[in-house]
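Here is how the chains run, residue by residue.
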Amino acid sequence: MDGLDLLKKHWNADKQFPQIDSSEIRIMLRRSSSSIVRWIFFICCLEFTLWLALSLFLPVEKENLLFFQITDGIYNIVFYACIFYFIFQFYTLLVQIKSTNNTRKLMESILAVRNNAHRYIRFNLLAAYAAFGLQLIQLIAKEYLKGEPWGSMIFFIMLASILFVAFGLLFVWLYKLYFKVIYGFLLKRLNNNYEELTRLEKEDI
Amino acid sequence: MNKNKEIEFVGLLEQHQNILHKICKLYATDLNAHKDLFQEMVIQLWRSYPTFKGEAKFTTWAYRVALNTAISLYRGTKRKITTVDWDNSLQNIRYEEYDTEQEEQLKTLYTAVRQLNDIEKALVYMYLEDKDYAEISDTLGISEVNARVKMNRIKTKLKNMIDQNGGY
Numbered sequence: 001m002d003g004l005d006l007l008k009k010h011w012n013a014d015k016q017f018p019q020i021d022s023s024e025i026r027i028m029l030r031r032s033s034s035s036i037v038r039w040i041f042f043i044c045c046l047e048f049t050l051w052l053a054l055s056l057f058l059p060v061e062k063e064n065l066l067f068f069q070i071t072d073g074i075y076n077i078v079f080y081a082c083i084f085y086f087i088f089q090f091y092t093l094l095v096q097i098k099s100t101n102n103t104r105k106l107m108e109s110i111l112a113v114r115n116n117a118h119r120y121i122r123f124n125l126l127a128a129y130a131a132f133g134l135q136l137i138q139l140i141a142k143e144y145l146k147g148e149p150w151g152s153m154i155f156f157i158m159l160a161s162i163l164f165v166a167f168g169l170l171f172v173w174l175y176k177l178y179f180k181v182i183y184g185f186l187l188k189r190l191n192n193n194y195e196e197l198t199r200l201e202k203e204d205i
Numbered sequence: 001m002n003k004n005k006e007i008e009f010v011g012l013l014e015q016h017q018n019i020l021h022k023i024c025k026l027y028a029t030d031l032n033a034h035k036d037l038f039q040e041m042v043i044q045l046w047r048s049y050p051t052f053k054g055e056a057k058f059t060t061w062a063y064r065v066a067l068n069t070a071i072s073l074y075r076g077t078k079r080k081i082t083t084v085d086w087d088n089s090l091q092n093i094r095y096e097e098y099d100t101e102q103e104e105q106l107k108t109l110y111t112a113v114r115q116l117n118d119i120e121k122a123l124v125y126m127y128l129e130d131k132d133y134a135e136i137s138d139t140l141g142i143s144e145v146n147a148r149v150k151m152n153r154i155k156t157k158l159k160n161m162i163d164q165n166g167g168y
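Residue numbers (full-length UniProt numbering), protein chains in the order written: chain L, 1 to 205; chain Z, 1 to 168.
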């Protein structure tokens with residue numbers, strides 16, 4: 001008899017399971033889930049809150065030059081519009097996660113929420129980086145308007161460029177580390193299963 | 001959800017709980033993991049219950065949600081959920097002790113199946129439950145041909161695993 005057929009015979013006859021009574025099941029219904037979707041939900045909410053809080057409460061210096069007032073204004077409008085777009089996307093994707101879908105679809109809908117979180121963090125880091133760049137340009141412009149000699153201006157521009165590149169690398173490193181630690185750990189199993197399912201579907205028969 | 005729905009759900013689940021236990025038996029490695037996965041499945045089923053139309057059989061709907069929980073949603077953490085009744089009744093599930101020669105064979109088989117990956121286990125579960133390939137492909141979201149080919153490969157894989165360990 002084939003191994004699995006032997007197992008099948010036993011499988012159908014197997015009644016060695018505990019019978020949980022209805023009162024016990026009722027208690028279980030009231031317990032909270034520890035599913036990865038719940039975790040992703042909390043992490044994403046924290047991310048939204050944190051970045052919004054940072055942008056709202058960090059002190060901002062009021063610019064004197066009209067040009068920079070306008071660029072700061074545009075920056076803020078784009079920044080908040082994008083954040084609300086991400087929150088809307090998050091909600092839309094979240095409600096699409098249904099455990100009644102087929103396995104592939106369910107996994108894809110969970111990964112879509114994760115990808116949205118990836119894009120959101122990438123956007124925030126880029127926004128922070130753009131703000132930092134804007135700040136440097138404003139500083140250089142101020143120095144120039146003060147009538148600094150070209151020698152010190154060149155030194156200043158070089159220093160700003162080095163800082164800009166260094167911060168860029170730091171941001172990329174932070175981004176990778178963050179996803180490796182938070183989502184990598186959380187979704188390791190799901191990723192493996194999704195890859196397995198994808199590999200299976202792509203295999204030549 | 002109203003009280004009647006809850007009574008209806010609990011009644012159906014109590015009656016068909018072996019579906020969940022059987023999936024737990026493949027995916028969990030010990031009693032604690034069994035308890036934890038069972039608990040998570042119950043929560044997921046309850047949450048999805050409003051979408052259960054009653055057109056599909058409860059068992060078909062339930063095993064699909066339960067399998068999805070095991071493959072996609074469950075994190076494998078163990079929370080503390082202990083009540084005396086639950087613990088006592090769980091002692092009946094045997095993970096390690098088998099008596100007769102045939103049970104030795106079954107032990108070897110179960111050990112081999114538990115070494116498969118999550119997707120392979122799902123295929124084995126549906127095979128053991130006599131689901132046809134159309135249903136297997138619909139549940140996992142893969143083509144019917146691929147499901148069939150994969151199932152044959154699993155059979156060979158299991159045979160090799162058992163042979164490598166000196167047969168039954």
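Just so you know, not all the hints are guaranteed correct.
A few chain Z residues facing chain L, derived, Cβ under 7 angstroms [claimed, not checked]:
1) Gln17
2) Ser48
3) Thr51
One-sided excerpt, in silico: chain L residues whose CB lies under 8 angstroms from chain Z [stated by the list, open to error]:
4) Trp11
5) Ser22
6) Met28
7) Val37
8) Gln96
9) Asn115
10) Asn116
11) His118
12) Arg119
13) Leu170
14) Asn191
Quick list of simulated restraints, FRET-style, between CB atoms [as the list claims (entries may be wrong)]:
15) Z/Thr60 <-> L/Leu126: 42 to 48 angstroms
16) L/Leu54 <-> Z/Val145: 50 to 56 angstroms
17) Z/Lys3 <-> L/Leu54: 29 to 35 angstroms
18) L/Leu52 <-> Z/Lys155: 52 to 58 angstroms
19) Z/Thr60 <-> L/Thr71: 44 to 50 angstroms
20) L/Tyr178 <-> Z/Glu6: 47 to 53 angstroms
If you are wondering where the hints come from, they were derived from the structure by calculation, not from laboratory data. Note that CB positions come from ideal geometry on N, CA and C, so glycine has one too.
Against the structure, the hints come out as follows:
1. Gln17: Holds, about 6 angstroms.
2. Ser48: 5 angstroms, holds
3. Thr51: 5 angstroms, holds
4. Trp11: 5 angstroms, holds
5. Ser22: 5 angstroms, holds
6. Met28: 4 angstroms, holds
7. Val37: With a closest approach of 6 angstroms, the L/Val37 hint holds.
8. Gln96: 13 angstroms, violated
9. Asn115: With Cβ-Cβ at 16 angstroms, over 8 angstroms, it is violated.
10. Asn116: 17 angstroms, violated
11. His118: 19 angstroms, violated
12. Arg119: 22 angstroms, violated
13. Leu170: 31 angstroms, violated
14. Asn191: 11 angstroms, violated
15. Z/Thr60 <-> L/Leu126: 42 to 48 angstroms: Given a distance of about 47 angstroms, which is inside 42 to 48 angstroms, the answer is holds.
16. L/Leu54 <-> Z/Val145: 50 to 56 angstroms: 52 angstroms, holds
17. Z/Lys3 <-> L/Leu54: 29 to 35 angstroms: 45 angstroms, violated
18. L/Leu52 <-> Z/Lys155: 52 to 58 angstroms: Holds, since L/Leu52 and Z/Lys155 (Cβ atoms, about 54 angstroms apart) stay within the stated range.
19. Z/Thr60 <-> L/Thr71: 44 to 50 angstroms: 59 angstroms, violated
20. L/Tyr178 <-> Z/Glu6: 47 to 53 angstroms: 41 angstroms Cβ-Cβ, so the 47 to 53 angstroms window is violated.
Consistency note: the structure conflicts with the earlier hints numbered 8, 9, 10, 11, 12, 13, 14, 17, 19 and 20.
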